[in-house]
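Given next are the chains, with one letter for each unit.
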Amino acid sequence: MNLSLLLKLTYKSILNRRFTSYLTLFSICISVFLLLGVDTVRKEAKHSFTNTISGTDLLVGARSGSVQLLLYSVFRIGNATNNIGWESYEKISSHPSVAWSIPISLGDSHKGFRVMGTTQTYFEHYRFADDQPLMFKIGVKFSGVYDTVIGADVAENLGYQLGDELTLAHGIYDTDFARHEDKPFVLTGILTRTGTPVDRTIHISLQGIEALHIDWKTGTRSRETVSAQQALEQKLQPTQITAFMLGLNSKMDIFRVQRAINNYKKEPMLAVLPGLALGELWQLIDVAEKALLIIAVFVLLNSFVGLLTVILTSLNERRREIAILRSLGCRPIQIFILLASESLLFAIVGCFLGALLFLIATVLSHSILQEYGLHIPLSSFGSEQLVLIAAVIGVSFLIGSIPGYRAYKQSLADGMSIKL
Amino acid sequence: MNTNTPLIYVGNLRFRWPLDQRDVMDIPELSIQKGERVFIKGVSGSGKTTLLSLIGGINLPNSGCINILGTDIGQLKQSRRDQFRADHIGFIFQLFNLIPYLSVIENITLACAFSSRRKANALTKSKTLEDEAYRLLSHLQLQDRRLLTKPVSDLSVGQQQRVAAARALIGSPELIIADEPTSALDADTREHFLSLLLSECKLSGSTVLFVSHDQALENCFDRSIHLNKLNIAKVSSQKEQNEGMS
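Protein chains in written order, with our numbering: chain A, 1 to 420; chain B, 1 to 246.
Chain A extracted, bound-state conformation (with noise of 0.2 Å):
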């Protein structure tokens, strides 16, 4: 007996009843797109969260909690507590076992984008994802007081070119009565996209950073106001850093140079390793996104309860079906793979949509996931949303069965008596 006139009868049985085969359908469809965008969304969610600072060994800043100085340092999230000494970096920055350090200098930002001032050795030696460097996508490092150089996402957000001014607010709140619009900032350069928060950051020079308050006290504007070029003239030394990362000659030096940061006398401070610092964050953000994905799990069961529903209920109505069927000689067996065909018809075309809709709508919200630093190349789908879906078909056999099982005992009690 072909298994192809089984599946024939099936197709056209559901056919037969199209409105509530399609409202089915359409209920199994967005479950699975469902369940494959929360899933991808959360695992590239922890791809590019681990990706955003590769290469340096410690983190330091004014002493708080790992996490808290994690979020702000990288991830450019709430303020520090508290700032670090210039001499205290200095002192740090020249022990033997250090090989290269970066000085971060936070608080102040422009339309939205965080400003941070620096030195030139960031883009020397700050990596991201697997030990990929800052490339320039046009442009070249800040070399004046007033040079800029900003993020991919800051560019394009912007739209700025080379050679733009960019005046830069006091504080992250961009106010009118809170702009240092005395200094423009001109931009001489803009990052390749990286995916991490530094696609969204304006960057100047420490010197920059001088200049910009040298005529500001305790947050507000002083009376004797000191212009562009008057600040120029005077020694822009930091006298304050917010925080800085620390790459080491040896990696076995790390808890050793910890230690010593962690026990430094003159000023409380911390040192974290970036790594842990992030397992420990990911843990936070795992609960609401084990969360979803819980959610998206009991949405698709939820369609196969409907599934079901709609097969059981169609099931008394096919009994003379099945038994006419019989009549003609389908044995007992082939009821049951009529009956259970019909879910497994379901899953697979509702499983061949979702998975097109998921498809399209990777393409659609591209640029709308980028603005999160959330990357979702096509390439996304690979095996393990194949194993998704292989579950799901699995799942809607076992599904399938009950009702292919009760239709195999009813015709067999039935027999040719069909009761209506």
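Wrong hints could be hidden among the right ones.
[Stated by the list, open to error] In silico DSBU-like links for lysine-lysine, alpha-carbon gap of 30 Å or less:
no., chain 1, residue 1, chain 2, residue 2
1, A, Lys8, B, Lys125
2, A, Lys12, B, Lys150
3, A, Lys12, B, Lys125
4, A, Lys8, B, Lys77
[Said to hold, decoys possible] Part of the chain B face toward chain A, derived, beta carbon under 10 Å:
no., residue
5, Pro6
6, Tyr9
7, Ser79
8, Phe84
9, Ala86
10, Gly90
11, Phe91
12, Leu110
13, Ala111
For the record, the hints were derived by calculation from the structure and aren't laboratory data.
Glycine included, every Cβ here is placed at the ideal spot set by N, Cα and C.
Mind docking chain B on chain A? Use the hints.
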């Protein structure tokens, strides 16, 4: 096959429904010859449908034998029994014989999908199964092809029964079992349907087992059997009556 061997031979048949205490069917002997047209009459609840499902091999007797074409179908494995039914028996029911989501032609040729034997038989008469279905339909005076493209639920009951007859006849099975096929028809269509069915069975040499409570049809048959006399089991309780009814 020896012509003296009956097409159907039933001996010492006893049957009870699972969970039941008493037999609903107890037939010492029943023998039907090849080509015979037999009318089985009996009041509701006398076990007509039960007898047909036993002969059809859908239910198994608790004891005794049912020989069809020299094969004791009680000895066959279930899958072989289903195949035997597909190959040798055509059924016509009282009502709703057709599968609603298939076309008229698909309904008829479906019988051949379950039996390569009947498919081969059908193809000796016509070039394709569809042609054979059309041929049978025109013999049953249902030649209007426009009618055949309609959903089967749009056909009248009389038309539906004729389509069902065509399905039972396609591929010339040796035995046609009809379970009150005329009871849903009015008097005129009833006789018309019956004469078409019987002449077509005669043409293909099929044996006919026709069950009805309508004694007016009795005269059209070679022989008539009173099931109440044939079945000596005491069918009395309400439960058994319900079980035996269709």
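Hint status (Cβ of Phe91 (chain B) to nearest Cβ of chain A, threshold 10 Å):
Result: holds, 4 Å to nearest chain A Cβ.
Does the CB of Tyr9 (chain B) sit less than 10 Å away from some CB of chain A?
Since chain A brings no Cβ nearer than about 21 Å to Tyr9 (chain B), farther than 10 Å, the hint is violated.
Given Pro6 (chain B) was flagged as interface, is its beta-carbon under 10 Å from a beta-carbon of chain A?
22 Å, violated
Holds or violated: Lys8 (chain A) with Lys77 (chain B), Cα cutoff 30 Å?
Distance of about 27 Å is within 30 Å: holds.
So, Ser79 (chain B) near chain A? Judge it on the closest CB pair being under 10 Å.
6 Å, holds
Would the pair Lys12 (chain A) and Lys125 (chain B) pass a check requiring their Cα atoms to be no farther apart than 30 Å?
At roughly 29 Å apart (the allowed maximum being 30 Å), Lys125 (chain B) and Lys12 (chain A) satisfy the hint.
Min Cβ distance, Gly90 (chain B) to chain A: is it shorter than 10 Å?
9 Å, holds
Status of the hint placing Ala111 (chain B) at chain A (closest C-beta pair under 10 Å)
Holds: closest Cβ of chain A sits about 5 Å from Ala111 (chain B), inside 10 Å.
Distance restraint between Lys12 (chain A) and Lys150 (chain B), which requires alpha-carbon spacing of 30 Å or less
15 Å, holds
Can you verify the interface hint for Ala86 (chain B): is its Cβ closer than 10 Å to any Cβ in chain A?
Holds, because the Cβ-Cβ distance from Ala86 (chain B) to chain A comes to roughly 2 Å (cut-off 10 Å).
Per the CB criterion, is Leu110 (chain B) less than 10 Å away from chain A?
Because about 6 Å separates Leu110 (chain B) from the closest Cβ in chain A, which is inside the 10 Å limit, the hint holds.
Hint check: 10 Å Cβ-Cβ cutoff, Phe84 (chain B) to chain A:
8 Å, holds
The structure does not agree with the numbered hints 5 and 6 stated previously, though it agrees with the rest.
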